[in-house]
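Listed in order, the protein sequences are those of chains S and Z.
To convert a position in the first sequence, counted from 1, into this note's numbering, add 265.
To convert a position in the second sequence, counted from 1, into this note's numbering, add 84.
Everything labelled a hint here was simulated from the structure, so no lab data went into it.
Do not rely on the hints blindly, as some may be mistaken.
[As the list claims (entries may be wrong)] Pair ranges (Cβ atoms, derived):
#, chain 1, residue 1, chain 2, residue 2, range
1, S, VAL308, Z, ILE291, 23 to 31 Å
2, Z, TYR362, S, PRO476, 32 to 40 Å
3, Z, TRP501, S, PRO321, 36 to 44 Å
4, S, ASN377, Z, LEU357, 23 to 31 Å
5, S, TYR310, Z, HIS460, 30 to 38 Å
6, Z, ASP178, S, ASP282, 24 to 32 Å
7, S, MET478, Z, ASP293, 48 to 56 Å
8, S, ASP421, Z, ALA295, 22 to 30 Å
9, S, ALA467, Z, LEU357, 37 to 45 Å
10, Z, TRP501, S, THR287, 23 to 31 Å
11, S, ASP282, Z, VAL498, 39 to 47 Å
Note that CB positions come from ideal geometry on N, CA and C, so glycine has one too.
Residue strings, one per chain:
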Amino acid sequence: VAGRGDSPDENVVIELDRAVRTRVSLLAGLRVGPIADVASLGVSYRQESTSRAAGPTRTVAGSVLVDDAVDFLEFWSPHELTVGLAASPIASLSLSLDAVWAKWSDFRSIHNQSPAHPFDDVVLWRAGVEWALAAPVTLRAGYGFEPTPVPAQRGDSNYLDADRHVLAAGVGLDLAVWGLFPAVIDLHVRGQLLAEQRVSKAIGALTDADPAMTGQQVDNRGFPAFEAGGSVWQLGVTFTLVLAEGGS
Amino acid sequence: MRRLARLLVCAALVAFVPRPVVAELEDVIGLGARATALGGALVARPGDFAAVYYNPAALLDPRPTDAPAADEGAPTTAELSLGFVFARPFLDVDDLAGRPLETSTTSPDTAGVLLGFRADLGEAVGLEHGDLALGLSLFWPRDLFRWEIRPDEQLQWAFWMDRSQVIGFNAGAAARPLPWLTVGVGLRVLFDVETFTVGRVVDVEQIVDPATGAPLLDVDTQLGENVTVYGRVAPTAGVMVAPWPAVRIGLVYRAQNLADDWGATRIAGVPGLGDLGYAHRFAHYQQPHQVALGVGLAASPAVRLSVDLTWRNWSEGLSTYRNSFGPGRWGDTWSPACGLSWAVARGIGLLGGYRFEPSPLDNLGGPTNLLDNDRHVGSLGMTLAFAELLGDPDLGYRLSWAVQTSWLVEREEVKDWRRFRSDEQMMANPGYPGYRYGGVVAAGVVDLEVAW
Numbered sequence: 266v267a268g269r270g271d272s273p274d275e276n277v278v279i280e281l282d283r284a285v286r287t288r289v290s291l292l293a294g295l296r297v298g299p300i301a302d303v304a305s306l307g308v309s310y311r312q313e314s315t316s317r318a319a320g321p322t323r324t325v326a327g328s329v330l331v332d333d334a335v336d337f338l339e340f341w342s343p344h345e346l347t348v349g350l351a352a353s354p355i356a357s358l359s360l361s362l363d364a365v366w367a368k369w370s371d372f373r374s375i376h377n378q379s380p381a382h383p384f385d386d387v388v389l390w391r392a393g394v395e396w397a398l399a400a401p402v403t404l405r406a407g408y409g410f411e412p413t414p415v416p417a418q419r420g421d422s423n424y425l426d427a428d429r430h431v432l433a434a435g436v437g438l439d440l441a442v443w444g445l446f447p448a449v450i451d452l453h454v455r456g457q458l459l460a461e462q463r464v465s466k467a468i469g470a471l472t473d474a475d476p477a478m479t480g481q482q483v484d485n486r487g488f489p490a491f492e493a494g495g496s497v498w499q500l501g502v503t504f505t506l507v508l509a510e511g512g513s
Numbered sequence: 085m086r087r088l089a090r091l092l093v094c095a096a097l098v099a100f101v102p103r104p105v106v107a108e109l110e111d112v113i114g115l116g117a118r119a120t121a122l123g124g125a126l127v128a129r130p131g132d133f134a135a136v137y138y139n140p141a142a143l144l145d146p147r148p149t150d151a152p153a154a155d156e157g158a159p160t161t162a163e164l165s166l167g168f169v170f171a172r173p174f175l176d177v178d179d180l181a182g183r184p185l186e187t188s189t190t191s192p193d194t195a196g197v198l199l200g201f202r203a204d205l206g207e208a209v210g211l212e213h214g215d216l217a218l219g220l221s222l223f224w225p226r227d228l229f230r231w232e233i234r235p236d237e238q239l240q241w242a243f244w245m246d247r248s249q250v251i252g253f254n255a256g257a258a259a260r261p262l263p264w265l266t267v268g269v270g271l272r273v274l275f276d277v278e279t280f281t282v283g284r285v286v287d288v289e290q291i292v293d294p295a296t297g298a299p300l301l302d303v304d305t306q307l308g309e310n311v312t313v314y315g316r317v318a319p320t321a322g323v324m325v326a327p328w329p330a331v332r333i334g335l336v337y338r339a340q341n342l343a344d345d346w347g348a349t350r351i352a353g354v355p356g357l358g359d360l361g362y363a364h365r366f367a368h369y370q371q372p373h374q375v376a377l378g379v380g381l382a383a384s385p386a387v388r389l390s391v392d393l394t395w396r397n398w399s400e401g402l403s404t405y406r407n408s409f410g411p412g413r414w415g416d417t418w419s420p421a422c423g424l425s426w427a428v429a430r431g432i433g434l435l436g437g438y439r440f441e442p443s444p445l446d447n448l449g450g451p452t453n454l455l456d457n458d459r460h461v462g463s464l465g466m467t468l469a470f471a472e473l474l475g476d477p478d479l480g481y482r483l484s485w486a487v488q489t490s491w492l493v494e495r496e497e498v499k500d501w502r503r504f505r506s507d508e509q510m511m512a513n514p515g516y517p518g519y520r521y522g523g524v525v526a527a528g529v530v531d532l533e534v535a536w
């Protein structure tokens, strides 16, 4: 607090206002079935959503004034429309296939700007199989292909992303079968394997870093080329307590 | 013994599921219409999900009865409640001549949705109904959280600012190891916020301060922010005994908790200064250690009375600016509360409550200008149990409402020259030479519970 002493550290006044508000986006869906006793069809829509941090910051030190604003977007996700088909040809086996259209062309960057080269809308494919092997074990597996919405990064931007193959497996254990709690434990593992992203910059598509100098000056971190890739692995466990008969 | 071991295992399983919790709405207004109407005197009063905060052991009744109180409802397997909360403060600060003064912070309305859930897990895990229960609550305010931070010298309400405007989760579990005893545990979790702001100077312009006419360097920067929100956990534990069928005695401990808010700001490359920056650390929504003792009494089949006494360890309290003033400036408090429920007709219950909340702030007259008053809190409410009201046991709905008024006892502060480094500092204080303050906070809660 200012005025408590003579040193600069004892003369700092900080005032900070912060409010985190709720942002709502729509989720809607419908399911039709059973179709021919074995199949069902579903459609869902997820509205675009994001988290936004915005507001002024003002720092005064003697005769120096820093008075700027921040406007950041986090966790942006696009409009998504999904059509899914599920079938259970035999009682212990179910199969599902989803196609997800994602409107990445509306993408806003973390600085709340549209990219110079808009992202592409993409269609994601996901398939899953669940097999009730024998009580109390249920096995699950899935595969998805998620094409990247990021176009070739030949200009100033350096967004890192690539097509993804998603592999998943899981197992469910019904503890009630063993006379324990009426609960189910589900374990899963999922891997997202990114194809390698290879980028070669087109010098003509890059902004001249210093027009005052002769020739094109380049300070782009991605110049002249870069490669990106990798994988992401997830492990999870879910504990479900069954309060009423008929659930699992 | 085997039954006791199984109960403890179940309670531990439920207790260690991660659950975030906050306890601001609960103390300022009330966790649901019933708790609000009963003045928050729920330490020895079983009945609904609100026990997750007031006493987790009260998620169960040590001696379940077929003739529950008007506000409790018949024993069920699970209840889900949806409620709405609104509160509006009417606060006044005047100088010693009676002219109104402005505070440096606002005192906004509180508005939000409250979800509550309680489930009896006894039969589900092979025990008897009433042996094991789980409770959850979620308060979702209009702003998930908000705060306005000012130095303690600036005129501001210490507690009527943002304490009830924060997302809050409560959860707990209770077990009944003996026919006359229930025990409960819970977790209360707040959050910490870490913020690092960095800036890089991209342009500088010389301007004139429009207010003072002094030359200023207006520095344009590119700003970036790293923000991380962490969970912060505090435990709650309680017991309740039923020494006689008509009497309940409860004891609960709620551990201290607060939202720690720290970080740094650094602007690089400022002309003439090089790097410019500062660190900050604040404390929000502080909840002190609390111990509460309660007694519940069934005075007649239609009338239930509960009385609580809560000790709050405010002497270790921190201001928002994270100053610890200690005993003599901030003191521990004892807060009594009582609640009464009366079954006026089949399915209709009237509720009333009162509590006194002494202010922890004392020894006024110094440089700080944190405003807080002793408070008398009165409340009224009603429950309508449709199954009993309409004679249809399938209508497992209960509608409750409550209104509450907090009267802030007017207080006066006159600056004491002995508490300042100099006359100049005293006269520059925003509260000099003194002020009076008080007001009223009105609140209303309505909720609908469905049971099955």
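Here's how the hints hold up against the structure:
{"no.": "1", "hint": "VAL308(S) - ILE291(Z): 23 to 31 Å", "in the structure": "violated (57 Å)"}
{"no.": "2", "hint": "TYR362(Z) - PRO476(S): 32 to 40 Å", "in the structure": "holds (37 Å)"}
{"no.": "3", "hint": "TRP501(Z) - PRO321(S): 36 to 44 Å", "in the structure": "holds (38 Å)"}
{"no.": "4", "hint": "ASN377(S) - LEU357(Z): 23 to 31 Å", "in the structure": "holds (30 Å)"}
{"no.": "5", "hint": "TYR310(S) - HIS460(Z): 30 to 38 Å", "in the structure": "violated (52 Å)"}
{"no.": "6", "hint": "ASP178(Z) - ASP282(S): 24 to 32 Å", "in the structure": "holds (25 Å)"}
{"no.": "7", "hint": "MET478(S) - ASP293(Z): 48 to 56 Å", "in the structure": "violated (37 Å)"}
{"no.": "8", "hint": "ASP421(S) - ALA295(Z): 22 to 30 Å", "in the structure": "violated (40 Å)"}
{"no.": "9", "hint": "ALA467(S) - LEU357(Z): 37 to 45 Å", "in the structure": "holds (41 Å)"}
{"no.": "10", "hint": "TRP501(Z) - THR287(S): 23 to 31 Å", "in the structure": "violated (48 Å)"}
{"no.": "11", "hint": "ASP282(S) - VAL498(Z): 39 to 47 Å", "in the structure": "violated (30 Å)"}
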